[in-house]
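Mind docking chain B on chain A? Use the hints.
Number of protein chains: 2
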Amino acid sequence: MTWVTPRTDFKPRRPIFLCVLSSTDTAKIPGISAAGKAPELTDYTPAGDAELVDTGRSISIKVPPMTPLGTPTPAVITRAALQLTDVPYLFINSGLRVRPKIPAIDIGVLPGKDIRTGEAVPDARDIYEKGVLLGRQINKLSDLVVIGESVPGGTTTAMGVLHALGYQARVSSSFSENPLDLKKKVIMEGMKAKGLSFGSLRSDPLRAVECLGDPMMPCIAGLVESLRIKTVLAGGTQMIAVYALIKHLGLERDVSIATTKYIAMDTTANFKEMMEELGYLVYIADPGFDRSKLLGLKRYEEGDVKEGVGAGGAMFLASLLGVTQEELRLEVEKICEEIF
Amino acid sequence: MTWVTPRTDFKPRRPIFLCVLSSTDTAKIPGISAAGKAPELTDYTPAGDAELVDTGRSISIKVPPMTPLGTPTPAVITRAALQLTDVPYLFINSGLRVRPKIPAIDIGVLPGKDIRTGEAVPDARDIYEKGVLLGRQINKLSDLVVIGESVPGGTTTAMGVLHALGYQARVSSSFSENPLDLKKKVIMEGMKAKGLSFGSLRSDPLRAVECLGDPMMPCIAGLVESLRIKTVLAGGTQMIAVYALIKHLGLERDVSIATTKYIAMDTTANFKEMMEELGYLVYIADPGFDRSKLLGLKRYEEGDVKEGVGAGGAMFLASLLGVTQEELRLEVEKICEEIF
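So the sequences go chain by chain: A and B. Sequential numbering of the first sequence, starting at 7, is according to our numbering. Sequential numbering of the second sequence, starting at 7, is according to our numbering.
The shape of chain A in the complex, shown without the other chains (with noise of 0.2 Å):
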């Protein structure tokens, strides 16, 4: 049964798997992130997130991360994913507050402020020159980097900074009530603090970032510029994001996107628009939870959380290596069921 679409032949030798955690301020605007049982856990969220990957619990904090209603983090499906596969992943420290309990690639930059201030990432040039100096390792490791991400607030920034490259994008969201109108209002602040309008920075995309965006964004686009090997962003919006900026900034490299399904079938965002004026290649990955018996997982067909943590990407990985829809979500119920 095909349950990433569209299928592909790729049979990748050397495939890699990693996640850019980073912090920003602007999560703990109350309303915006969902991801965290309250605005000021979320700094915990991406260092709960690798630890559930990496060990199977989270160090850091007591409960693992969750939205308010209870629906685990995405990540139980990205370890699900990377178990089964065996495929070797790291994590990377772009910019975070609370630093996991694990090994984890250090950039040394420090995390997003509140993108109302109109400078949310002063750093921007510096970490992608980071990033491509971690990329040129990257790129002798493997032929094939799946690159997933986890950032409270990621939506919100990805939707400013997508405003200010002129993309009418309307971002999914961790909660289930998508609050579109509170995150415009924060980014009309941080533009008008820095006199921007729609598209002013089409031609400056790491302007667009340090005005608006968050540090995994210049982190990604750096590592793509010395990537030459089939590369797969992992994520929704935020992966849109990220993908307009690696295109503004001129880079031609053999980039596509994966997500999951929860992301395409969102309504209040437009996903498929943005696809056809961007241009990239999707994949898409339908975990099956309809068939679970868990109602946490059961919340993702309702529209909580969708994605994060690479899950999309986890599950493309896994697909074209051979495990079914059945054997991934098997594994994710015996992950939950380990720790919640």
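Where hints are given, some of them may not hold.
Remember, identical chains collapse to one label, so a pair may be satisfied in a single copy or spanning two.
[Claimed, not checked] The calculated lysine-lysine pairs, modelled on DSS-like cross-linking and capped at a C-alpha distance of 25 Å, are:
# : residue 1 : residue 2
1 : Lys146    : Lys340
2 : Lys119    : Lys34
3 : Lys236    : Lys146
4 : Lys146    : Lys17
No lab work stands behind these hints: they were computed from the structure.
Okay, now just chain B, sitting in the frame of chain A:
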């Protein structure tokens, strides 16, 4: 011409080079370490070394690491070998006081303390576990891993651990005049503080690290626990201590040592006796600096510096991959002329 002995016909398909970086307060005891122009600069040495290998220059310090005599850091050799072979490399921050301004895997642990306290690495067991986690990923990425180190003061901690494990080790020094009496005095003070005697920790090797070691040692031992691939410890007497640690932990893995001829010919140390006692296979690399036009490199022939930053292991990799001694020396000279 054979410039690394014994010859081996092993042809790695996916070699990787790692370098573990740690700070220790032991390095600040006056007279202990030449890895820095002055004792207080030793905190910057591992960062400067890593930056030099990755970018060709030291970023965290104006003057690249060198001995008080001005002999350049062995990082120039490591950079030459890695540039000529295009082998992927990753640095590991295992307790640095000054982190390098390049991407490095951070395992999130503290610098080593002064071994005169007898409490050099209180979290040795936690560091070991972090090494185990990281090793699982490295094992999937490679078929040959070469592991170097940059740890100022590291020959003293090596001697301390070897002593506690029951080996009469005379260790090498980055000084051409080896301050062995001072090292012994420092070690004896640490052993006295904890009521230890020669060989008293032979069956509790991680305790030997806790009392007298440095954070690099349990990190590499943990890595080795996870590795099922050919593993080469790149260094002199410090890697003998790591080898002894691995052996006393009961880990049976495919581990050998690679080092420079300057370690092998050091008559103040007992590298060859230790080899017979511990039974490791050692590869010895000769960079041919006797034919160099640069005074700084010629001082290696007089016993200054000798080894570090995995230089011997990086040369071992270069020779495996077909680089000649002359190509290596010319590349080292080019790098030196660019930076000094």
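Going through the hints against the structure:
1. Proximity of Lys146 and Lys340 under a CA criterion of 25 Å is satisfied inter-copy only: 24 Å between copies versus 35 Å inside one chain copy.
2. Proximity of Lys119 and Lys34 under a CA criterion of 25 Å is satisfied intra-copy only: 10 Å inside one chain copy versus 38 Å between copies.
3. With identical chains, the CA atoms of Lys236 and Lys146 are at most 25 Å apart both within one copy (12 Å) and between copies (19 Å).
4. Taking identical chains as interchangeable, the C-alpha atoms of Lys146 and Lys17 lie at most 25 Å apart whether they share a chain (18 Å) or sit on different chains (17 Å).
Violated hints: none; the structure is consistent with every hint.
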